[in-house]
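**Student:** Now for the letters of each chain:
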Amino acid sequence: MFFLDTRFNSFIAVRSNLSVVVYPIQAAASLPTDIAEWFNDFFEERHQLQEKNAALEAANLLNSQRLQKFQNLERENMRLRELLGSSFRLRDRVKVAEILMVDLDPFSQQVLINKGEKNGIFIGQAVLDATGVMGQVVSTSAFSSHVVLLTNSNHAIPIQINRNGLRAIVKGRGLGELLEVDYLPHNADIRKGDLLVTSGLGGRFPIGYPVGTVESLNYPQGKAFVEVRVKSAAHTATSREVLLVLNTKMISADNSDPVNKSEASANE
Amino acid sequence: MNKESQGGIIIVVSILVSIILMLIPLPDSIRLLRPEWVVLALIYWTMATPRQVSVGYAWAVGLIMDLIMGGALGVFAFCYALIIYIVSVVHLRLRQYPIWQQTVSIFSLMLLMQLLLLLITPRTIDWSFGLPVISSTLIWPLNYVFLRSLRRTFHVS
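Just so you know, the protein sequences line up as chains A and B, in that order.
First residue of the first sequence: 14, per my numbering; consecutive thereafter.
First residue of the second sequence: 76, per my numbering; consecutive thereafter.
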């Protein structure tokens, strides 16, 4: 049965239907943490709140200043691209979901989120957190979905180095927070501290989101490739909210397919 | 009949609680030490009431675990069913053992299960796969005494 499940896709429907049944158990397991957190919020000290507020305001100020500049750059970028005659989508539409505080198999690097097919989540959707790419959706049910993290040893993501555009593949290692870059020859132009962003190749992850920074480089004698360790940009262990990207393909399908659209509105 | 159905409910509830224990988040430092609560509960009920809980039951519970954990369907189902098959064959002997001897048998069963999981699922092999074996073995006497008192209070047979 597990052979069938892993090799063929015939069980996707079965799994997604059965997952609805187990969702209450999962929700129940996450309840104690939720309650504890609620109490924490409720009894938070006044001065703590004030401190937090001040810190957030400062961060907000910084961000809005950066945003002003960014908007300017965005305009400029659009103008230049128009001159070049190529189209470019700068904004991706996102959906916010919350991670259920449920501990899954520690060896499988997955998390459970509280949005599912009913909210338009689909298999293969890219998942981000506030600081970078977190992973992708592997299975969905009506109200919840499993997200596999970048750190899973079976997960790979196409990236490019932000500094020079060199393309490569980042793989999870199955252990800890570190990732690795595969198949880079010794003479590849990669340095410690380089920011790696998604390249958008393969069409699964949207282009330009941070994946991680190069932490260490090792050039083993007699081997063809560099050993690169990458620290993931997303805080996979601590973030509570995640963003799900509606990829450009899906958006254009929404806009250009009037038949589907009318069907969808008829259903509503 | 009424008594039997009540017993069934107790078993279902205890297994639900053990599933929730498997899911409750733990700090990273002791996360790998989480005992296999579900298997321990299944083993106890197979030993005590082999007519109610046996291979089919374990398989169904394992399937639920597969759905919850999000792995390939059937991995846990297969492992649980195999372990429970072994237990159901030797349950009469297991019942006679003193607790420490039972604990040794539990150790070997848990080791078998972790090795199976290691073989079936694509995971990185390192020594940490042995941690749940140790923690489950150590927790067994406690689990045994608790479930036995539960069984006696509610007259499950």
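Hint data in this document are derived by calculation from the structure and do not stem from the laboratory.
Note that the coordinates shown come from a computational prediction; the quantities given were computed from them, not determined experimentally.
One or more of the hints may lead you astray.
As the list claims (entries may be wrong) - Simulated restraints on C-beta separations:
hint	chain 1	residue 1	chain 2	residue 2	range
1	B	107	A	48	24 to 34 Å
2	B	213	A	189	23 to 33 Å
3	B	190	A	208	38 to 48 Å
4	A	251	B	190	25 to 35 Å
Note that beta-carbon positions come from the ideal geometry of N, C-alpha and C, so glycine has one too.
**Student:** Each of the hints needs a verdict: does it hold here or not?
**Tutor:** Hint by hint, here is what the structure shows:
1. Roughly 26 Å separates the CB atoms of residue 107 of chain B and residue 48 of chain A, a value that falls within the hinted 24 to 34 Å.
2. As the Cβ distance of residue 213 of chain B to residue 189 of chain A is approximately 26 Å, the hint placing it in 23 to 33 Å holds.
3. Range check, residue 190 of chain B to residue 208 of chain A: Cβ separation about 41 Å, and the 38 to 48 Å hint holds.
4. As the Cβ distance of residue 251 of chain A to residue 190 of chain B is approximately 33 Å, the hint placing it in 25 to 35 Å holds.
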